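Protein chains in written order, with this note's numbering: chain A, 474 to 891; chain B, 10 to 277.
FYI, nobody ran anything at the bench for these hints, they're computed from the structure.
Hints are not guaranteed to be accurate.
Covered by chain B, per the in silico footprint, the following chain A stretches (three or more residues, Cβ under 8 Å) [as the list claims (entries may be wrong)]:
(1) 547-554
(2) 568-578
(3) 593-604
(4) 840-848
Fair warning: this is a prediction, and the values are worked out from it, not measured in the lab.
Glycine is no exception: its CB is placed at the ideal position from the N, C-alpha and C atoms.
Listed below are the residues making up each chain.
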Amino acid sequence: MSDERASEAERSRASTAERAAAAGVSPAAVSEAMGEVDPSIYRHLADAQMNVELDTGDMILNLGPQHPATHGTLRLVVRLDGERVIAADPVIGYMHRGYEKLTEVRSYPQITTLINRIDWLSSFANEVPFIHGAELLMGIEAPPRAQYIRTILTELSRIATFLLFLGEMGLQVGALTPAFYGFRDREHVLNLIEAATGGRFHPNFNRIGGTKDDLPWGWVAETRNTMKVVLDACTDFDNLVAGNEIFEARTKGIGIIPGDVGAGYGVSGSNLRASGVDWDLRRDGKPYLVYPELDFKVWTHPDGDSFARYWVRLQETREAARMVIQMLDQLPAGPVMAKVPRIIKVPVGEVWVETENPLGQMGYYVISKGAIGPFRVKIRSASFSNVSILPWLLRGVYVPDVITILASLYFILGDIDR
Amino acid sequence: MPDETDDVEEQVAAEQGTAEMDEPAAAEEAQADADPSAAEPTDEAVDEDADGEPAHLSDTEAKVLGRLGRELGEDILESASAFGTLVVRVKPDAWRRAAEVSRTDLQCDYLSFISGIDWQPAPREGGEVAGASSAPVQPTEMTFGTAGSAGRFQLLAVVESTSHKWGVALKTDLDEAAPQAESWVSVYPGADWHERECWEMYGVTFEGHPSLRHLYLPSEFEGHPLRKDFPLLARQVKPWPGLVDVEPMPGEEATEDGEASAEGAADE
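With the hints as extra help, turn the sequences into a complete structure.
Below, the structure is given as structure tokens:
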């Protein structure tokens, strides 16, 4: 407790000194002025002094595997000097299920069951690239209506994923209220996904050549209403969290990822766009689904800090809701399934399909040898690379900021471990 | 604040269209656009080095291959296009050089992944006992994929450019007895974890990697699970049931004669 207070005092003093230096005031004048403003600061400074005498240097702290900020079972071994992280080593693999091996002994339609469970918050979006890859190899194209349904559901899962983030990020930095709003509004979207696919978390709705079913009666109208709810929720989050002074203080300037470093580590998606890299596979990648037909904006933020990541996801939630409305307006009629053989045999070939998933770039490198199952599937998941930057990113930050950074990177353990 | 910046950036990007932001690249591209024959001979030369098959490359792929070929030259063994992805196989000695060229000349600043491939078919253990009837059957002879291979193990990596929006899949061959390659960590810092994963899953040693240790598996784990000869215990305990759950297409009546007619339908 005393450590925490001491470091806070030190930090506030340091930041005051920085501001003063920027304004051209000498450090001595600052400490004098601080003494005049708040005498109680001396008590904290005394704690800081004691801290030095006790020498807490090089303490090893285990964060997780069960820490709430780790979204599952990520263990983070950090070496601390007082409150400052000297080195951090993420230990992953607690949830490794060996999907790449398992895909080799399953048929193509069975694999969607597995890949639903990679990033379980946006399961539908996981299915899309794999099914798309298999379709490319087979030379099948899903009918337009199926493509639209897929795109709508992908964007809905993006909204569901981000709404949870928008609420939870507040929770991680100490604001309880937004979490309730996040969970509440996400529930509306999950209801839509459940109504269309039958599953809240694991839809398993994609088929090679289309989708399992058409949309249920009344779904389009219901979705329109829900998108209004989502847009309102975004306004709420904008006011309640992003515009909150304490939230800004906790997130601005924390965990800055420069764009080039992030790209070198393979950080993708909103995390990279928050570092000012204008790269979105929906717009820039090989065309997939109906994104080329849509009019949407790719949001970036130049700062690259935790706040930028929050801000970009907030804008992307809005953009996704607008995209869903746009797609509902131009939803074509017709079949949802192309003609495919009953036993799916995929011709010999290789295909690399990458998509812009809620957490970042998701890709499958599928190698087929003409059998009913793939010969090899490399699953490129977003969180794996997003988290691999942690040893670099956490060096020199304070312990409370570790939580902020973990929350703002927003990863899912199933997406790291596969 | 960020709002405005973004708008401006986007407008600039929209106005410039395909033109590039940075000057050397723009100059090169202008040259390539103005005089297509300048870039193409390189590509053809490279293609002829391979097995002489006609390469159906898109314009972007041809441009990327041309740039790679200019720097790597003879080190490119084979190249092909796989559904819009340029796949380039380089000599094992040039593996790290390929990464450097991709990073600098191609401006592929983004590392997507590094992984391995084991081309050997999974052994059918005990003849018909556990293997043949239990798994989706793969060919029994060793065949290679796009851009070929010299042997059983290969490395596969995908790098992409966030500014030019292009990418390339790189492959290289590995020695079967002691697979080994140069590490990419000094070129792409993100290669660290990918190479650790590849090391534990395929047993590929990366020269120059700071610490090759287990990533997913416990440190006392023995064997390399993604090699094809590593047995999947779950399948040995409970064999694959076969295609019993083929569901009818929407609007199609389920037929009672299950697998027999389904087998026939596959050929239709």
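Now the hints, each set against the structure:
1. 547-554: violated (count 0)
2. 568-578: holds (count 7)
3. 593-604: violated (count 0)
4. 840-848: Holds, because 7 residues of the stretch 840-848 of chain A bring their Cβ atoms closer than 8 Å to Cβ atoms of chain B.
In terms of the numbered hints stated before, the structure departs from hints 1, 3, listed from lowest to highest.
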